[in-house]
Amino acid sequence: MERTQQIKQFIEEQFLVEFGTDVTAQDDLFKTGVIDSFGYIQLMKFLEEEFALQIDDEDILTNVLVSLEAIDGFVASKLVGTR
Amino acid sequence: MCGIAGFASPALNEAAPEVMTSMLSLIHHRGPDEAGYYLDDGVAMGTVRLAIVDLATGSQPMPDPARRFWICFNGELYNHIELRDELKRLGRPFRTNSDTEVVLQAWIQWGPGCLARFNGAFAFAIRDAEAGELFLARDRYGKRPLFYVDRPGEFLFASELKAFRAIPGFRYELDARELASTFAVWTPLPESSVFQGVRQLPMGSYLAVRGDRREVRTYEPLAVDSVPFDGSEADAIDYVRESLRRSVELRLRSDVEVGVYLSGGLDSSIVSRLATQLSPHEVRTFSVSFEDKEFDESSHQKLVAEHLGTKHSALKIAGADIAGNFPAAVHHAEAPAFRTAFVPMFLLSEHVRDAGIKTILSGEGADEAFLGYSLFRETMLRESWGELSDEQRLERVGGLNPELAHFGAAHRKHLVGLFEQFATERLPGLFSHELRFQNGRFASRLLKDRSDPFADILALVRDTPGYAALSATQKAQWLEYKTLLAGYLLSTQGERMGLAHSVENRCPFLDPDVVRAARAVNLRFDDGFDEKLMLKKAFRAELPERSVTRPKQPYRAPGSATFKEQRPEYLELLLSEGELAKIDPIDPVFARKLVNKIMGTPSAQVSTKEDQAFVFLLSTAVLHHQFVLGETATPEAVLNLRTTADHRRDSARVGGIR
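One line per chain: the protein sequences are A and B, in this order.
According to the working numbering, the first sequence holds residues 1 to 83 in order.
According to the working numbering, the second sequence holds residues 1 to 658 in order.
Lysine-lysine pairs mimicking DSBU-like chemistry, simulated, CA-CA at most 35 Å apart:
(1) Lys597/B - Lys45/A
(2) Lys448/B - Lys45/A
(3) Lys593/B - Lys78/A
(4) Lys564/B - Lys31/A
(5) Lys593/B - Lys8/A
(6) Lys31/A - Lys593/B
(7) Lys8/A - Lys564/B
(8) Lys31/A - Lys552/B
(9) Lys448/B - Lys8/A
(10) Lys45/A - Lys552/B
(11) Lys582/B - Lys8/A
(12) Lys8/A - Lys597/B
(13) Lys31/A - Lys582/B
(14) Lys597/B - Lys316/B
(15) Lys45/A - Lys564/B
If you are wondering where the hints come from, they were derived from the structure by calculation, not from laboratory data.
Next up, chain B with everything else stripped away, as it sits in the complex (with noise of 0.2 Å):
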């Protein structure tokens, strides 16, 4: 796991050292093991590593033997000992034994065509020195990071977009267009940003740069479709136990200790399950817990980890340190956030690097291929709403949320009504987000452009090819994937507050073959009720009953009640109106007046739509401070640089690897 930067700039030559020397200081908390650079006529590229496989001779920038193909890598591939293997049977050469090389050797071997191959989470750049090209690439599930700018000249790329601010000149706006998608849908869209051309390479796909050329292609575009799986029950639990065990094993592969993130949840429960089983070490488990006894989950992690064995640790969480670490999560998730549950995660991982562990195992994306989210339920009730009697529907709509008070027995009646409205499809193509998006229309309303929010992922739904024919649920999950998992619980959630204290985390539920597995059996066996059924009929054996039967709780932590009771002094960002005059896309009248109501209003009274506007309200604050006013100091990191590869004509330096 590592941080990505550099450019192509003819501009910039003279001074490329400089800047790429400044691009990896900002990164620094990806990789603080060792950085490099490799620099060419107008073309410059960097590393800072956080090694992981192949402590010894792994270093990056990495050439082939050849020194025409030069590579820096950011992220794992799980698969590498069977993708050497097979490179070496085709003659290509090996001096490491890092994953850095596979990718390389496999590229110069089978071109683009390589990605379908890699199983892993990955973002790279690529030099091609005598064709003159830069590649760029992204795993299948947009796990790591990798933004670009192109603007006339120049092109810019970074794991994170702050590590832009060491180029000369360059200036953050935000982006109002973006800014209203993202608060709409929860989450800025595959390829955006919120900063004003800043965008991200989509999952699943590579981008060529050559002079004023681009070139940005799909490699694999996210499936959602499948095959039923053909055979007994007995035998789809025994694909779903052997394609994660698989997936688990594949992510043990490290020089390095792994351990695990045990939220108390299923998933992250069977994710420790096979590490146990699988981990040539006694397996360490984190977790938060919270002290506001509506969040904390502590008694079931305690009750997985006894179970299985694993030496386990929480970290309790406070509602002053949710308020006190919020800017330095902000900073380093880059995007607005609708709740607060990123920041405990920031807090975990800095736990889990102070406990001398650099790479994770977590149960992210088990809910998007094993249906386990209540929108999946709600999407399916609604669908079927019309051949429902009403005796029928008040039971179902019971079902639904029951960890939010009011979808409560007392309550449930009220909420046929709600769903009532719902039940017809009013935005084409987004029928199962729509219930979920109206709270996005009300955080819209804090933007001064009213026009339509919804219109960028209107457009992204209606041109994906295949996603029309796309069964409602099936259009929930592709969405899922593509919107939340992606740009939020992946990136936010996970890589970017895991990289905050250098740890990296792995995704079993991620690997192709169990989202495979997942939508084949999914397919034949879900029954519209039980969230994830086959995957608890898969390891219901192995786990406290407790943990198998338990209603689902989704992660959430303490939100706006928090800051109201801290006060932190950053909330002056809100309560100053000459502040928010400052944020040029916030219309300040509708800010002042949420923000007067939530601080005004008792918190069991804020709704969550309003929770999660102020949220979103005040991390948009936090990044104009920090990004656009460039009002945090971010101090420069002593780079260990071990690799410089100087192959400038016009340098006096002499070129090589040092």
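The shape of chain A in the complex, shown without the other chains (with noise of 0.2 Å):
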């Protein structure tokens, strides 16, 4: 599966979403109620196992991971920086 298909169908299942009915690729996931604190963590720890990716606070700290385009886009930019 493809790395974006994963992430999609990750937080389908696990907020009860669906994207192109209930909300969009852009759409801010915290605004929309899609994601709550608990869930944030879950997303940050699927990412980190799914990908093998280290997130460290420097990217917490300037990347804004709040619609499925910018959590594809972070998960893209670090797979590249460490491959």
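Mind docking these for me? Both chains are given alone in their own frames, and the hints should help you get the complex.
If you want it as structure tokens, here you go:
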């Protein structure tokens, strides 16, 4: 499964939403109530484990992971950086 | 403490005694000691009484000597002795020692102006037989409930909306819009209920009914602004101590023994401490403890009880107790709940009543007055977000909600991103609560109606004079008083669960002088880091050090996991597609998704918002089952009818007090 699809599927299953119906890839997932503090931790853990990433303080403090698009872009950039 | 009910309805005139008796039977638990009603042409009102002050002569409905004014009073007037003296000096006649008569005479003397003089927790109805008017009033913090239905040719009122079942032809229907608003902000808004056409008299208001005319007036708007305390810190500490001491002293006024709820936290420990100093007898304290260690605070309760020398009794709660008593507690709450913490309170009041106590002091209101919730720290943090360094942000985020595992050190860096999102205001006037309300957005998805669930609360804050000029923290405080405190903590958790078993609760932190003192010292001394700073300083020397310094532990109880483990029979209301489809406002597709996820996911992986949404859904299903479908049989209570006064002109009965 491609990366974007993987992330999308995780969010859909974990947070009971459907992209295209409930939210778009550009929607702020916090502001739409899809992700809360507990969910955000789950999402970060998923990204770290699924893509073997190390998300450090700097990443968090300089990247705003609010939409599917932004999360996907962040993961893509991290993967490039780690390879 | 009591329950009141009545109506203005010419159509019900003939059947008035039967309807009144039935209404009172439905709220019998609020006042099992005696009952009474007053009937006039097209108007009726009655009381079920829990006798606490003036056990001998305080029967209701109570008339003035001229029999023009009649009162049905629910609650307590704590400053009744001082007001009685003042009214006597003004020449008002008294025949009883009850606070009810003080309220009546104060009304006759000062009209609605008396309300601002009252220090109490009350809702009452006064009939002016000469003017043909009915007045309803409610205390300034909304401690006592007062529901009403206003429809053509008929006005109904009652302490609990279940009393309306006695009205011929009355039907309960869930109100989709109110339900959405309730899910979004965790409680019905001040004037609402989740049932169509059933409203509440807001806190600090009165309502006049005369024929088809209605007039609702606010006699005391909720104030959260203040002038900073002008004095030294030592003076401020004395001010806090003295206002609380006086408040507890007033609330110990009773002709029956007064106990104390001791949760183990700072607030109830302070109330217990003052009670041991001021009570004429040994103080009995009561608490819940949990089998589940995650929620249990019994070691803290024991520590305080031993330190203060109270006679302590703890009721141990297991998951089965919560699951088993959930429907009964919802029946009394009459509103959807987002967590189960009210069920142990329901059981605790039964325990207290079994111990022979019918009046209790509690620490409710302290967090609102002295900025005790993490929500207030969070608001201050988000407000100053732009001025903080990354290190400061990390440090301060980590200090919030230490009781929640995902807020721990290992995850705090992740939470910075979350807070970043809420550092600017998006819902006008609701900055402080946006982070909390996002969970409500999720719960709102359970409903078919996807219109803006925040529309009503946005309108409330927009239309409140002076609100826009408040600071973010003051807005947070105002919202807490108006929504969660009145709509959930005081009503669902405190008042209604207590009176389900005929136990009245009294809240020293809701004394107007205490609230005023708190506002003044907060403005001057609060540092944005240490919650309830001045309260801690004021009582540090008198409580165990650990009770004062430990991090705040909100009172919580096990949620969806309990229902999953216990599988009570009524869970079928959610597991059966047919049952879910019966609840008109609920979207069965999303509801099913949520239920399936909760039932099929290890509890540790269920998020807070999912847990809350599940409890909302289950309590709504139970409410629907009980009220809309009428599936819960309420046994007719045997009333001890001591006072009946029938003034109907076309009645064959002889008027007067029996």
